[in-house]
Amino acid sequence: AQSVAQPEDQVNVAEGNPLTVKCTYSVSGNPYLFWYVQYPNRGLQFLLKYITGDNLVKGSYGFEAEFNKSQTSFHLKKPSALVSDSALYFCAVRHNTNAGKSTFGDGTTLTVKP
Amino acid sequence: EPEVTQTPSHQVTQMGQEVILRCVPISNHLYFYWYRQILGQKVEFLVSFYNNEISEKSEIFDDQFSVERPDGSNFTLKIRSTKLEDSAMYFCASKGLYEQYFGPGTRLTVT
Numbered sequence: 001a002q003s004v005a006q007p008e009d010q011v012n013v014a015e016g017n018p019l020t021v022k023c024t025y026s027v028s029g030n031p032y033l034f035w036y037v038q039y040p041n042r043g044l045q046f047l048l049k050y051i052t053g054d055n056l057v058k059g060s061y062g063f064e065a066e067f068n069k070s071q072t073s074f075h076l077k078k079p080s081a082l083v084s085d086s087a088l089y090f091c092a093v094r095h096n097t098n099a100g101k102s103t104f105g106d107g108t109t110l111t112v113k114p
Numbered sequence: 001e002p003e004v005t006q007t008p009s010h011q012v013t014q015m016g017q018e019v020i021l022r023c024v025p026i027s028n029h030l031y032f033y034w035y036r037q038i039l040g041q042k043v044e045f046l047v048s049f050y051n052n053e054i055s056e057k058s059e060i061f062d063d064q065f066s067v068e069r070p071d072g073s074n075f076t077l078k079i080r081s082t083k084l085e086d087s088a089m090y091f092c093a094s095k096g097l098y099e100q101y102f103g104p105g106t107r108l109t110v111t
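Each protein sequence line maps, in turn, to chains L and U. Take the first sequence: its letter number 92 is residue 92 in the numbering used here, and every next letter is one higher. Take the second sequence: its letter number 24 is residue 24 in the numbering used here, and every next letter is one higher.
Treat the hints as calculated values from the structure; they're not laboratory data. Fair warning: this is a prediction, and the values are worked out from it, not measured in the lab. Be careful, since some hints might not be right.
Per label pair, the in silico range of CB-to-CB distance [as the list claims (entries may be wrong)]:
id : chain 1 : residue 1 : chain 2 : residue 2 : range
1  : U       : S58       : L       : E8        : 23 to 31 Å
2  : L       : E8        : U       : S66       : 20 to 28 Å
3  : L       : T97       : U       : N28       : 14 to 22 Å
4  : L       : G16       : U       : G16       : 52 to 60 Å
5  : L       : Y39       : U       : M15       : 26 to 34 Å
6  : U       : Y98       : L       : S70       : 21 to 29 Å
7  : L       : Y39       : U       : L30       : 27 to 35 Å
8  : U       : Y98       : L       : D106      : 35 to 43 Å
9  : L       : A5        : U       : T76       : 28 to 36 Å
10 : L       : N68       : U       : Q41       : 25 to 33 Å
11 : L       : T111      : U       : S81       : 15 to 23 Å
12 : L       : T111      : U       : L39       : 15 to 23 Å
Straight-line Cα separation of at most 35 Å, DSBU-like style, residue types lysine-lysine; simulated pairs [unchecked claim]:
id : chain 1 : residue 1 : chain 2 : residue 2
13 : L       : K69       : U       : K57
14 : L       : K113      : L       : K69
15 : L       : K77       : L       : K22
16 : U       : K42       : L       : K49
17 : U       : K78       : L       : K49
18 : L       : K22       : L       : K58
19 : U       : K57       : U       : K78
20 : L       : K77       : L       : K49
21 : L       : K77       : U       : K83
22 : U       : K78       : L       : K77
23 : L       : K69       : L       : K58
24 : L       : K69       : L       : K49
25 : L       : K113      : U       : K78
26 : U       : K83       : U       : K57
27 : L       : K22       : U       : K57
28 : U       : K42       : L       : K22
29 : U       : K42       : U       : K83
30 : L       : K58       : U       : K57
31 : L       : K58       : L       : K77
32 : L       : K49       : U       : K57
33 : L       : K113      : L       : K49
34 : U       : K42       : U       : K57
35 : L       : K113      : L       : K77
36 : L       : K58       : U       : K83
37 : L       : K49       : L       : K22
38 : L       : K22       : L       : K69
39 : L       : K58       : L       : K113
40 : U       : K42       : L       : K69
Note that beta-carbon positions come from the ideal geometry of N, C-alpha and C, so glycine has one too.
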């Protein structure tokens, strides 16, 4: 079985400050890890992924995430938050098989205040 | 950039009616999925589809649900007899090498 935990329902940061959205996972074998963002009444937009290689992965809109195998974490970060980053963020894990389903966390609402 | 499309964007139906949700995956993708999201909640896996058959399905995907790829481009989800609790946002996704790309969703409202 695979699972994802996003321990924070809500993260509030001031514009210009760094942001972190936390994610931990559980999966047998090597994980594929993903972050998606969802704006109100919209679909899920892919941000970034970790498959293998460098533990720090860079994605869209200045976001990055750090894979930490020992802590089974894949926290999403951005050095300087924008008001437009305010949205719902989902972490997802998938076993490294081709047809494997993704399991999503409960989501974290990020609010960036001006 | 290629994208997954879904129709309709919003479907209202009465309890007990059949609905078909339609998706056009990205053309060179081989793996297809349906997920649902009850308002503001977690995204839940329903079913995966590869090589014209179901690869995996969740416990939500009971006998009332079916999927089909009727031609080379469409991927459909059918709910035979809708229930109130089927009201949700339904997302189609297709997968290339690693990540899944999601469509904009169909909001299904069962009254």
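Here is what the structure says about each hint:
1. U:S58 with L:E8: 23 to 31 Å: Given a distance of about 26 Å, which is inside 23 to 31 Å, the answer is holds.
2. L:E8 with U:S66: 20 to 28 Å: Cβ of E8 of chain L to Cβ of S66 of chain U: about 38 Å, so the range 20 to 28 Å is violated.
3. L:T97 with U:N28: 14 to 22 Å: 20 Å, holds
4. L:G16 with U:G16: 52 to 60 Å: 53 Å, holds
5. L:Y39 with U:M15: 26 to 34 Å: Because 31 Å falls inside the window, the suggested range holds.
6. U:Y98 with L:S70: 21 to 29 Å: 23 Å, holds
7. L:Y39 with U:L30: 27 to 35 Å: Hint holds: Cβ distance 29 Å, inside 27 to 35 Å.
8. U:Y98 with L:D106: 35 to 43 Å: 23 Å, violated
9. L:A5 with U:T76: 28 to 36 Å: Because 33 Å falls inside the window, the suggested range holds.
10. L:N68 with U:Q41: 25 to 33 Å: 27 Å, holds
11. L:T111 with U:S81: 15 to 23 Å: Distance hint for T111 of chain L, S81 of chain U is violated at roughly 40 Å.
12. L:T111 with U:L39: 15 to 23 Å: 19 Å Cβ-Cβ, so the 15 to 23 Å window holds.
13. L:K69 with U:K57: 28 Å, holds
14. L:K113 with L:K69: Holds, at roughly 32 Å.
15. L:K77 with L:K22: 9 Å, holds
16. U:K42 with L:K49: Holds, because 19 Å separates the two Cα atoms, which is no more than 35 Å.
17. U:K78 with L:K49: With a Cα-Cα distance of about 31 Å, the restraint between K78 of chain U and K49 of chain L holds, given a limit of 35 Å.
18. L:K22 with L:K58: Holds - the C-alpha atoms of K58 of chain L and K22 of chain L are around 16 Å apart, at most 35 Å.
19. U:K57 with U:K78: Given that 35 Å is the threshold and the Cα spacing comes to 14 Å, the pair holds.
20. L:K77 with L:K49: 13 Å, holds
21. L:K77 with U:K83: Distance of about 40 Å is beyond 35 Å: violated.
22. U:K78 with L:K77: Violated: K78 of chain U and K77 of chain L sit about 39 Å apart, past 35 Å.
23. L:K69 with L:K58: 17 Å, holds
24. L:K69 with L:K49: 15 Å, holds
25. L:K113 with U:K78: 42 Å, violated
26. U:K83 with U:K57: 19 Å, holds
27. L:K22 with U:K57: 28 Å, holds
28. U:K42 with L:K22: 16 Å, holds
29. U:K42 with U:K83: Holds - the C-alpha atoms of K83 of chain U and K42 of chain U are around 19 Å apart, at most 35 Å.
30. L:K58 with U:K57: Holds, because 32 Å separates the two Cα atoms, which is no more than 35 Å.
31. L:K58 with L:K77: Roughly 10 Å separates the two Cα atoms, so the pair holds.
32. L:K49 with U:K57: OK: K49 of chain L and K57 of chain U at ~24 Å, within 35 Å.
33. L:K113 with L:K49: Given pair K113 of chain L, K49 of chain L holds - Cα atoms ~27 Å apart, limit 35 Å.
34. U:K42 with U:K57: This hinted pair holds, its Cα atoms lying about 17 Å apart.
35. L:K113 with L:K77: Since the Cα atoms of K113 of chain L and K77 of chain L sit roughly 17 Å apart, the hinted pair holds (cutoff 35 Å).
36. L:K58 with U:K83: Measuring from Cα to Cα gives roughly 42 Å; hence the hint is violated.
37. L:K49 with L:K22: Between K49 of chain L and K22 of chain L the Cα gap is close to 15 Å, so the pair holds against 35 Å.
38. L:K22 with L:K69: 14 Å, holds
39. L:K58 with L:K113: Status holds; Cα separation ~24 Å.
40. U:K42 with L:K69: With Cα atoms ~24 Å apart, K42 of chain U and K69 of chain L stay inside 35 Å; holds.
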